[in-house]
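Student: Residue numbers (this note's numbering), protein chains in the order written: chain U, 377 to 720; chain D, 377 to 720; chain R, 377 to 720; chain X, 377 to 720.
To be clear, the hints were calculated from the coordinates, so they are not data collected in a lab. There's no promise every hint is true.
Said to hold, decoys possible - Using 30 Å as the maximum straight-line C-alpha spacing, the simulated BS3-like pairs for lysine-lysine come out as follows:
| # | chain 1 | residue 1 | chain 2 | residue 2 |
| --- | --- | --- | --- | --- |
| 1 | U | LYS581 | R | LYS581 |
| 2 | D | LYS425 | X | LYS425 |
| 3 | D | LYS425 | X | LYS581 |
| 4 | R | LYS581 | U | LYS425 |
| 5 | U | LYS581 | R | LYS425 |
| 6 | X | LYS425 | D | LYS581 |
These are the residues of each chain, in order.
4 protein chains.
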Amino acid sequence: MSVRVGILGATGAVGQRLIELLEPHPEFEIATLTASESSAGERYRDAAKWRIEASIPEDVAEMTVVATEPEAVGDDVDLLFSSLPSDVGAAVEPAFCEAGYVVSSNSSNARMAADVPLVIPEVNADHVDLLEVQRDERGWDGALVKNPNCSTITFVPTLAALAEYGLERVHVATLQAVSGAGYDGVSSMEIIDNVVPHIGSEEEKLETESRKLLGSFDGAELSHHDLEVGASCNRIPTIDGHLENVWIETTEGLSVEEARDAMRTYPSADLPSSPEQLIRVFDDPDRPQPRLDRTLGDGMAISVGGVRESTFGLQYNCLAHNTIRGAAGASVLNGELLLRNGYL
Amino acid sequence: MSVRVGILGATGAVGQRLIELLEPHPEFEIATLTASESSAGERYRDAAKWRIEASIPEDVAEMTVVATEPEAVGDDVDLLFSSLPSDVGAAVEPAFCEAGYVVSSNSSNARMAADVPLVIPEVNADHVDLLEVQRDERGWDGALVKNPNCSTITFVPTLAALAEYGLERVHVATLQAVSGAGYDGVSSMEIIDNVVPHIGSEEEKLETESRKLLGSFDGAELSHHDLEVGASCNRIPTIDGHLENVWIETTEGLSVEEARDAMRTYPSADLPSSPEQLIRVFDDPDRPQPRLDRTLGDGMAISVGGVRESTFGLQYNCLAHNTIRGAAGASVLNGELLLRNGYL
Amino acid sequence: MSVRVGILGATGAVGQRLIELLEPHPEFEIATLTASESSAGERYRDAAKWRIEASIPEDVAEMTVVATEPEAVGDDVDLLFSSLPSDVGAAVEPAFCEAGYVVSSNSSNARMAADVPLVIPEVNADHVDLLEVQRDERGWDGALVKNPNCSTITFVPTLAALAEYGLERVHVATLQAVSGAGYDGVSSMEIIDNVVPHIGSEEEKLETESRKLLGSFDGAELSHHDLEVGASCNRIPTIDGHLENVWIETTEGLSVEEARDAMRTYPSADLPSSPEQLIRVFDDPDRPQPRLDRTLGDGMAISVGGVRESTFGLQYNCLAHNTIRGAAGASVLNGELLLRNGYL
Amino acid sequence: MSVRVGILGATGAVGQRLIELLEPHPEFEIATLTASESSAGERYRDAAKWRIEASIPEDVAEMTVVATEPEAVGDDVDLLFSSLPSDVGAAVEPAFCEAGYVVSSNSSNARMAADVPLVIPEVNADHVDLLEVQRDERGWDGALVKNPNCSTITFVPTLAALAEYGLERVHVATLQAVSGAGYDGVSSMEIIDNVVPHIGSEEEKLETESRKLLGSFDGAELSHHDLEVGASCNRIPTIDGHLENVWIETTEGLSVEEARDAMRTYPSADLPSSPEQLIRVFDDPDRPQPRLDRTLGDGMAISVGGVRESTFGLQYNCLAHNTIRGAAGASVLNGELLLRNGYL
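Chain U extracted, bound-state conformation (with noise of 0.2 Å):
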């Protein structure tokens, strides 16, 4: 018996990847679409203009989409993605909490809030759990659940995969597509031939987020992760993608080979959408590519490659779909996560 699922901000470059991704779902059933007040009463086909590769389905495209409240949306629904603008997702997140909804959001807004979880499933899935203290809290029926920045998820889970040697300092460069800014973010003149050297607050979230998600979560309060995070995030022409070149220095020994194996064997989730391998090791130090393996595992693994002994530790150069693994796939596997720990 499948969920019910809405989408909150159903237009843009994010809402078009979850309708991609929930259209085939096995566990979920698209059944709202939101929207801006003024695209409310239109179908879909007409509110959205439809920019990914895939089809859009017909089912999907002659769908009413309604506004952007609780009570355009309706009580025949138990789940919400969200992929709200930050300042939009403030506004209403909350009402549908409130309103008793649960909601995975993508949208930036509320990660770093105390009670709010932030979660990637293959890295710290027992974060969810501090939805008992928002509930205490807040008193919600409802639950937010965040998903991290696309460029923290592409990092993030290969830190973690080397925790265990002790992570004490990491730079990260980032070389991102321009699917991250949304389909009207950045103007062709601004990328072609060019990077723009600067993303506001995007650096910040890499340095921040990433010390959430590796925290510990003791049942009542959590606690982030003490290593240094220093991030320098880039704009460049490409489509889907976001490549990062990162440097690690740990307290224990790692060594080129070592690392490589902790990343290989790195466990992914038994969730729908979680890769049978998370993280792909290349040989080839050509590699990863955004344009040849942004795809990997359906757009849902992390590709590694470089790895290799440094002046400071190690250096390597980590990949995912920023979209699909860094946005849209990132909601959904919180939702089959929720799911399976029975918040819905």
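Following the hints, put chains D, R and X in place on chain U, whose structure we already have.
Tutor: Frame of chain U, contents of chains D, R and X only:
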């Protein structure tokens, strides 16, 4: 009275930039163009596939290309610029020096040799006098001066400007343009909508050349600087302009404002091709950008932006035009230094 | 003595090119910059996001932007260049003309109006005298001159050069750069690794404007040329430079050599911004190419190549810089013509 | 029971696509891979630089590559697919046919030979029986079938769908992806932010192959269609997918609706690789677009959009995936036709 110069390897990407820079040069006059044996005897117009934005100068187009060997070049030249592939340069540059030619070379061979000056005139002009040692040791009438790799040139001037604060550790991630690999170096299928996160030997060049450039020469021997540099190199879909993300840790306290001032006021060299202001520092954190800023100072300036406090020391981005400041212009500048210092 | 000029809509893509061209202009001096109401009162530096390769001129950067209305512009200006969006231009350009201003406009409104001269000085300078009719009919002290659409300007000079052979049928397919749509006109997600084979109303502009430009003016009325033009327009991932594939059928016999000669020798105009040679004809069938040839003649030349016999008549490719020759430069050139012909 | 097949020239761009399509094929089984002499003896994994998005199939990766000659291929193969360079194919394909092999070839040699069937199964399946003539004339036990050039395949099915209206004149301008030139065919410096408006011999292929494909075969001789085709070809910065602008003039009246219906209802072939719907017709004039639509029908469908009245007859755009529908998939489809028609 102008100095007659030749270009070894005149048909490639850097060779074409050398022509573009030398043709209107106030002190140098192009007298000879060499290429591989198979092109010898052809007009330059036919031997080279001209692919830069500027038109090929008509008089150069009509010159006859000769083979890359001392006999073919003849006596009538005072200075040679070399943009030969590294393996070819390794074989023939010493033969030219042996035969009495002074060679300013962009070819990567021999850059780290103990008696070969590796020079950026604005950074370490005094190293050129290592030529005395070179001539003594090798018994050459000629001389061999090298400029560093394009990615090294981009960030070393910024380090030189901050050297008084005690350089300790530098992490640098590069986003390099395709022209750095030559005209056929990167195929379009490799790089459109993609990144190649590996450039053979490039990281080692940044890590070692920077220490030689920032080292000190006591008149007899060159000591390398003891800062530690860790590099990560990427090829991205830009035509010209290498952008680099830099993290720097110093022994002395260094504020953002001090770093900006030190870079902005770092002196240029009094040479025809050196820009009035060597390092341009942007306020806008979005800048520098390759397409917008690579031609500052006729392609000979270094641009810096996003100077900010980091989890580890300071952080900033820098940019230079890789085939002008980073290659052809670097060799021309060294030629100007050789002329001023009496080596011609 | 220089003519004081203003720019209506100075912050957009064409407005920035106008500043780049007017700042060093021998006859014109920038006196006023206008923008939308919301930017009025700001320094130009703050009102505009400067995004072209050249640096923003310092004195222009410090000018205060005024609203786009006659009262705000004041008396102290002899000529206005308009790069307003078409709907805005349609509303305010007549108000400026009514108020006595002479306007050289790149805005697409009113181009086909019977009493508005649509002019490329090298092609139909005599049409400018249609202004007498315009002033009579509209009772204006001012005047309104238009330049054609960027894609029209690219191929019409080549047709003008061949007109003596009897133009009958022309097919033209365009490959247009993103800058033609303005800074935010084409998102990066729309165009990286892609083509958009449709540009609203663009085909109609090529088909109708070309006939007006090639028509004849008898001092009272303008007759359009009766050639038939069929256009197909595409947006592609280039920054600047529209390339067009042209097939032409003529009533008189026309050989490849005759066509090449006619284009090569087609006279330029004796105006400051007109290039010495208007049409540059390449021998190499690979040329012209946008990146290599768009800046010929400081961006004001037309390039032609691949002139060859076709299944239907002759065939060739042509190229022009769309925001210089095709927009800002076209307006400046018309301003120069207005000055020479005594309309200021 | 599956047919054992070999791939001549298995390491190139089309060879890799052949492997991608044949590996999961219901009727064919990859038994042999050939490459140039220098790669013979290597594992496929080492001989080929795998560069398509899909992963290299593990069992194929471990196969040993043999030389491209009948002795090396052996008896154990029923059908050969050839993606050899044209000059190599011209030399060795006849030798394979002579030796008794049936060859389905994408190589451009011999396509216009009077006794070589040039086939798109959905368009002219009956031409395959020209093989009887071929075997008679050449005394071969084997057979040679060709598929047309990628740019020809893109527009010919649309012409076939309209043939009943009397095809008279066709103008076609192509915007072709870089993969059509092979992995190293177009350098990144040639094509980033650029167009190359010339592809050697490509225009002639469109103009002549289309007439052969649309011609009629009476059992003894093939007559070419007498429509006139004029082509203009461009290489642009897209990875995959050729887009074409088409103008068509017919002897019979043809409305937009009739053209759309004729294309939409044009029958597909009853072969495993033929898409359910051969020609997909879009309402949105912005479509088809290479990045969004090239994979329709697993890359085997033709997309059409922008069907509209033109100054000259009708006008529309069409698109096909050039290395699937236009090359590897075209050869596989012809292999399927050969199997069904009893030629294996």
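Student: Which earlier hints can't be squared with this structure?
Tutor: 1
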